[in-house]
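Peer 1: Join the two chains into one complex using the hints; note that each chain is given alone, in its own frame.
Respectively, the protein sequence lines represent chains B and D.
Quick note on this note's numbering: the first sequence kicks off at 1 and runs consecutively.
Quick note on this note's numbering: the second sequence kicks off at 1 and runs consecutively.
Source of the hints: derived by calculation from the structure; they are not laboratory data.
It is possible that part of the hints are untrue.
Claimed, not checked - According to the in silico footprint, chain D covers these stretches of chain B (three or more CB under 8 Å from chain D):
1. 185 to 198
2. 630 to 644
Stated by the list, open to error - With a straight-line cut-off of 27 Å between C-alpha atoms, the simulated BS3-like cross-links for lysine-lysine are:
3. K193(B) to K485(B)
4. K216(B) to K183(D)
5. K195(D) to K193(B)
6. K627(B) to K195(D)
7. K159(D) to K269(B)
8. K549(B) to K195(D)
9. K540(B) to K245(D)
10. K269(B) to K224(B)
11. K216(B) to K159(D)
12. K298(B) to K159(D)
13. K121(B) to K183(B)
14. K298(B) to K216(B)
15. K245(D) to K227(D)
We put the beta carbon where it would ideally sit given N, CA and C, even for glycine.
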Amino acid sequence: MKKRKKIFLIASILLLIGFVGFHGRKIATDHVQYMTAGEPHTLNCFSCHAYIVRNGPIAKMVKEQYLSPMNMAVSSDGSILYVTAQEGNKLLAVNTTNHQIEYSINVGERPHTVVLSKNGKTAYVSNQWSYNIFIIDLDKRQVTDTLITGTGPAGMAISENNDYLYVANTYSSDISIFDLNSKQEIRRLSAGKDPCGVTISPDGNSVFVSNRLSNKVPFRSTPKSEITIFGTKYQRVTHRDIFPSATIQENTAITPSGDLAIVPQVRPKNLIPTAQVEQGWMMNHGIGIIDLKNDHKKIQLLTDEPNAFYADPYDIVISPDGKKAFISHSGADVITVLDIDAIRNIITTSTDEQLEMYSNHLGISSQFVIARIHTGANPKGLVLSLDGKILYVAERLDDKIAIIDTKTLKKLESIDLGGPGMTVSRFGQQLFHSSGHTFQGQYSCLTCHPDSHQDGLTWDMGPDSGRDLANTQTLLEIDQTSPFKWNGKNVSVFMQDGMRFSKFLTRTEVFNQKELDALVSYILTELDLPPNPYRDPSGKLTNAQQRGKIIYERTETNCGRVIPVMDRCVTCHPAPLYTDRRQDDVGTRKAADDDEVFDTPSLNNTFDSPPYLHDGSAFSLEEIWTKFNDHDEHGYANDMTKDQLNDLVEYLKSLGSSELYTDTEHKTTEASSH
Amino acid sequence: MKNMKNLLPNISAKLTVSLFLIGGMIFGLSWIMKSSTDKNVEESNKANTAVNVETESVKTDGEDKSKEAYVMPVYDNWETFTTKDGLPSDKAFCVRVDGDRVWVGTKAGLALYENNTWRTFTEEDGLVHHGVLGIDISPVTGDVWVATLGGLSKYSAGKFDNYTQFNSGMLNDVIYQVTCVGKDVWMATGGGAGKLDTYTGEWEIFNEQNAPMHEPWTYGVTAGDGKVYIAAWGGGVIEYNSSTKSYRDYVDPDGQMELDVFPDDGVVHDITSGVSFADHILWVATYFGLSRYDGLHWNGYFDHDSGLISNFINFVHANGPAAWMCTDKGMSSFDGKRWITYTKNENSAGGEVIITEGDKVIKEKVATSISHNFVLGVDFQDDVIWVATSKGVSRGVARKTNSSTKPQL
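Chain D extracted, bound-state conformation (with noise of 0.2 Å):
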């Protein structure tokens, strides 16, 4: 017992070394095994979200094939509409897809296709100014509702109804974008954002007098997951929370807007012309790159490190997981892993197909493409796309591919 007492002091010190040795050591494996984690997760971030996508659930036909990969297809067999098909003009702004019902916004009026037939919507229908910019459908009255260079327009089984800013609570006339977002309609215009509540009638607009914006021209409006994104010109990125009714912005955190100081640190540029929200992700079109944003991190793209066929981009579009990027030289679209790019021949109808993943790229020569590189807008009618250019509109339909392989060429 007494040799026991005279041991203690001693084993108590050693004990107590011990202890600390094991926890510097454990703590240090942890550490070095955060830094590795770190470091996989950022470059997957920035080059292997595919990692994220292909374990989303993807579901088709009613069925949860949650271990299947999202596919981006390849669009072939182009279909190309101008004037001579009944358009009434070839400078197609947007399109957006209605079930079997296909609008497009042109400089001369609003054209719906519809039984393969084209027919025309102008101020003698009551349309409120023929150059229309921006379409979307309520999903749910299906109501169609219509940005315009002179007011917005919402069109209803025959019926015109128009909102200007004379006659409503809207802001602008020239509006570039309009979205419904339930009861709400929100539009993107050249005086700011305006947003219509379609029960009780009432307008709030947003502008630099009321919300974090530098200029009051905005190019797009989009929402999701409870927040609206408004591309403001010059002002990046503006979120507006619709429960809180709070804003935050994004801008260029380099404040060298013509250079990407810091790559993913931010939107990659204040000058933006679009935004696109879907799958939990907004997608940020500007004259200067693009943006990703999954609500965490952001990601830049630029035509000279990426699959984008070009920084100046006029819209994009936010499909599942992938976006679709109308650029003055074509249109890209991204999943998060490959790039796919349809560019037009000059002086032919044909086209080239250019596919990059990584450092791998892959062009082919088609005989079909879109009708013209300057690309405004696109949407998705199940395997049919449909793209909107100032040379006409095209329709395109997706190769057949199994899912569980890459598209073939």
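So that you can see chain B by itself, here it is in the shape it has in the complex (with noise of 0.2 Å):
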């Protein structure tokens, strides 16, 4: 009997346990598919619970802290390269020689450039997010003073004589212009949009910016970028050089002999239907050259091949004796090699009808490109040594620096910074960042996604072409606002990526589950808004802000009538997400829209992400009501002053992350979405 007994309890046992891990398996494959409503996803509860969880300690155990190597600077006697840590918060100094890191300083929040003072004693660190810059006295190897900036600043140059630092603000479109002498800023200039790179011409008359992204152009007409140039003595602005169907200039670099600018760009094709990618239909990389012995005349070369394109090109420096230039392509992990020479023997037997041809030749690099050299990830910011002879270049995302022999030009060797080992997220960087995954490597994310943000552009994505136009929107902090698309019919990022990600962006086939994932906990875990400069640290809003408020929660019109809850700002955009995560009709439908509702935008950090509505037809926050919403479908406006009409918008625009507000009562999750 006892022998029967435990037969039949092991028998129930196992029968009790493939009954449970049967239909177990069943009900974790259900919940899988429905949270991410892609393809099917392969079961592992990590995907979720591990790696896409933003904070607590989960977040802690699975994510590391990087360096991410943004720019350099080489010290006046060669021995030291300064390196911008943009993650980690730090200035690193390279020993040279023996590629050992010598010492960091603690700087503000993500530092993107550094320079030297002429006599090699002071460093400048701009702190993008801190919204400063760092004096660093470098023989005592500490902070000695700050600056305050615009908001975002970037590249920076200092003058001949040393008396004067010119600051690219990106964020507040401007450069700030501070005599070193008081450290006061005495002048802000007006840029293009998105300046970012700073660089002064070889005699030092004129300081060159180069602006990322689009000046204001008509609705649906081509983008435009502009090099801000300014002059040194007057320090006015000189020349506003303009470079059509082009977009993210991050730096330029001047030919000793002072005749040409030249300017890495992105030429996005976001007129036409996106329904060829093959040579080069939806996104080409090249340079733009200003022609400043020429009366500043421009032209455009492509640094594409008919089969091959270079992503997202970032920085540029010139040989000391003018006969190539290096371009970073952060996307393609490629250093491309140019004869100058080459290209200005094009300019000069060329014709400008010649020249307007060759603009969009997939075939012209072929004349100038002498080279390109495999670096590690997301190749960024470039320096040669004093000599020349070494190009040192910031390997981003493998937290290192490549050597590479500017005469054999091959990559000799990388400096290894020291950054953590591979985790989830970083692996979801590093795809995010390359064109590996598109047709002949055309793009990368942070194409259209420049800083993780957005391009400022309208795309022709849909099915059908010139309908359904979608203005490119923002992927920071888009963690539990999920759907996805402005018809709201992506509800996971794992289902934006998937399927559809490849067969209507990227052509090839689709990322593994392993990158999918990879992809997915970057993209919401490591993406954050920078800080909202009109937003006070304390939370304290400005007389405007507070009247705005009271318009954005109002529920009586200012006659006294009720609004009705669904036309109510605060019903469709509440605390701490603003957005109610649903799809709305908010009579913003045009005729080319076959959608006719769509989903609900975040507002945080709103002020950073003109044009808007749907397909970017509102230039600013106040065209939403001002030109369009006659009949008060996109909240209750036409009643109000032009007072309250400021105000509305001086609230919308000190909205932040979403962490800073403490309403609980609005905060949702990925999961009650569904």
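Peer 2: So, in structure tokens, the structure goes:
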């Protein structure tokens, strides 16, 4: 009996395990499919319950703090390479002989650029998210002063006589000029949109500022990006050289003879349907050239090839002899080497009509591209050694510095800065910045989402050309704001970046599960909104913002009529995410739209994401209600005075990261949206 | 000793009385002298402010010539520009000097005079509207700010950035004047005054809802000594203190707007058409006369009791201690003591220069003159004057004169 009981017990347990296991697996599978809504996803609890957790102990376990070297400067004796560690919030001093980090200095948030005084004793570091510049005494190895800039300071340059510091403020789209003797900002010049790099001409008379995004242009017309040039004598803008059909101009270099200014640029084709990707019909990459000795004539040449594209050009340096230019293509992990004399030859021997044709000719690069040098992941800042023999390349997502011999054009080695090992989200970050998953490497995620934000362009990406135009949306802090896409049809980022992504955008094989998990992990957990400059850190609102908040939350019109609940701002845009995650008809549908309803976008840091509405047809926040909204379908606004609208806009501009708001009543999770 | 004691009360009483008498005499003398001084000051404020002007420091070519008097020049050798010379329209609303360049706002576009050539900007070039009413140059950035009938444009190195009431926080698209004050840009519009902080992009608007304005229509704006002055139609002058963010207004105390019942008691009229501030003096143009305010005292000037050619003043521009009034009957200038008026003959190119000082009036016929008597704007380029009129733009040159002598006729 005993034996029979034992057998019965064991069999029962086995049956129970089998039963539970089978059904449990089914339950788990259904759960995963429900949550990801993408292609069948392998059962891996970590995908959602570890890798996409933004905060808390689990997040701490799966994340690491990387350095992410961004830009560099060489000391006056060539012995030290100073490196801004963008995610490590440090300035690293690397010995160029033994390749060791001699010391590091803690700086502000997201350090972008480092420049050195002429005597080499002082370093200036732009802290892009602290909105200031640290002045560092290199002998004492400590921060001695702080300069307050506009918002998002990035590229910098020091005047020849060391008297002035020129700073590009990316987020406020202006240029600060500091008197380094008094440490005061003496002037702020307006730039194009999102200025980034600053370069002084060899004769010291002019400063060139490259702007990353297009100036404001009429709806659905060719983007136009600017190189802002000002004179150092009177510090007035002298030229605004415009390149058509160009964006993402991060840096400029000028030949030693001063005849040419060269700026790498992305050439988006956002006005035509993204139906064809082959032969560069969606994105090209090249250089813009300003012929400074010929009345600032503008020429554009592509650095791509007919079947190979080199995405996301970032930095450019020119050899001291003026013969070669080096461009870092951060999406292709390649340094392109250009023959400048060959470029000059093209310019001088071609008619204007030929140059116009060459600007979109994929074969022209064969006439001036000397070499392509492969690097580690996401090459960004470049700097030449003092003798020009070595090119240092910040391999940002490898936490390394590549060393390239400029004579042999070969990579010699990489200096390991000692970053931690690979994590899932770091792998996802590399995928995000790599064009390796798009057809012929034509673009990466970053190409349309610089700084993981948005490119300010409207794209024709629908299955039917000319319809369903889409304004590029930000990817910053989109966790908990599902669904995605303007029509709200992608319920998760797994779905957004799954099969549909490869079908409509990348035109290659889909990401495998491991890659998809990594990409989603990066997007949902690592992309933070920069600090909102319109929001006092204490949370206190200005008078205008307070008045605006009252209007935002109002329940009655100026005449005392009750506003229907669904027509109140706060209904569809409640704190802390300022989206109800629903799709609604707010009267913004155009004739070219098939969808009747649109997903409510989050308003956090909305000040920094023009244009607005699903098709980008509103250039400013005001236009959402002055140009559109004739029938109060997008909130009751037509009874407002101009004062009230201005106050509302001031309040909207103050909305920042959802972590700033403690209103837990409106907190939602990814799961509860379904 | 006993005698001394007896004497003391007498001495004390006499001493007390004496002290009283002496004190009374001193007080009386002081009062008399003060009254006399006040009267002198009052009289000098009325007609002899040149006393203050003459003792103010005047820097020329970097040298402090504090002992040298300011001499308001007479302009002559007029040259006129019209559409025949390249102006987009003869109707010129405003003129603004920018170093070697001269900007003119006309009915048909923004004109630039540079290297002896006129160039026009219109909507085709990116200007927000072709009706240009006001221009200012930012002293910090060199950007050109253009006030038009359809919005505000900022011009810099070939690029226009436009602000309208639809795409920005600007109050009203009809902008009469724009003034750059450091990093701020102030504008007087048909719906109130506005301020743009060019660093933060924040707009502030001032109208009858939040400022002591009777009506929101504003025609002019100027700034100085930490304050901004707004010429408010029907509302006199609104003074805004930039530090304290507080207002006060200056309205005609008479209340009887068609009469100046009590002279020099405040701004002469509430229908103000312009303001200009320089050398710590605020000048206020109205359609019914001119006012001058030094921070303490107001003075009013009319065509019937001064050298002002007409009470209907379109525009006022302060240049150092003097002010230039653009009226419907010519242009007058005043330095506190002397008036110089320019009028044009109806049927010839010539005109008349009228110098008024106290009761003395000297008239001179001149061979060249301003292009028309309906004058709308004025600005200065070293010793050259530019005048915008409804029939073209005129340029005059200051007559050469010794600094220690009065202008010669």
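Peer 1: Can you give the numbers of the hints that this structure goes against, from lowest to highest?
Peer 2: Result: no hint breaks.
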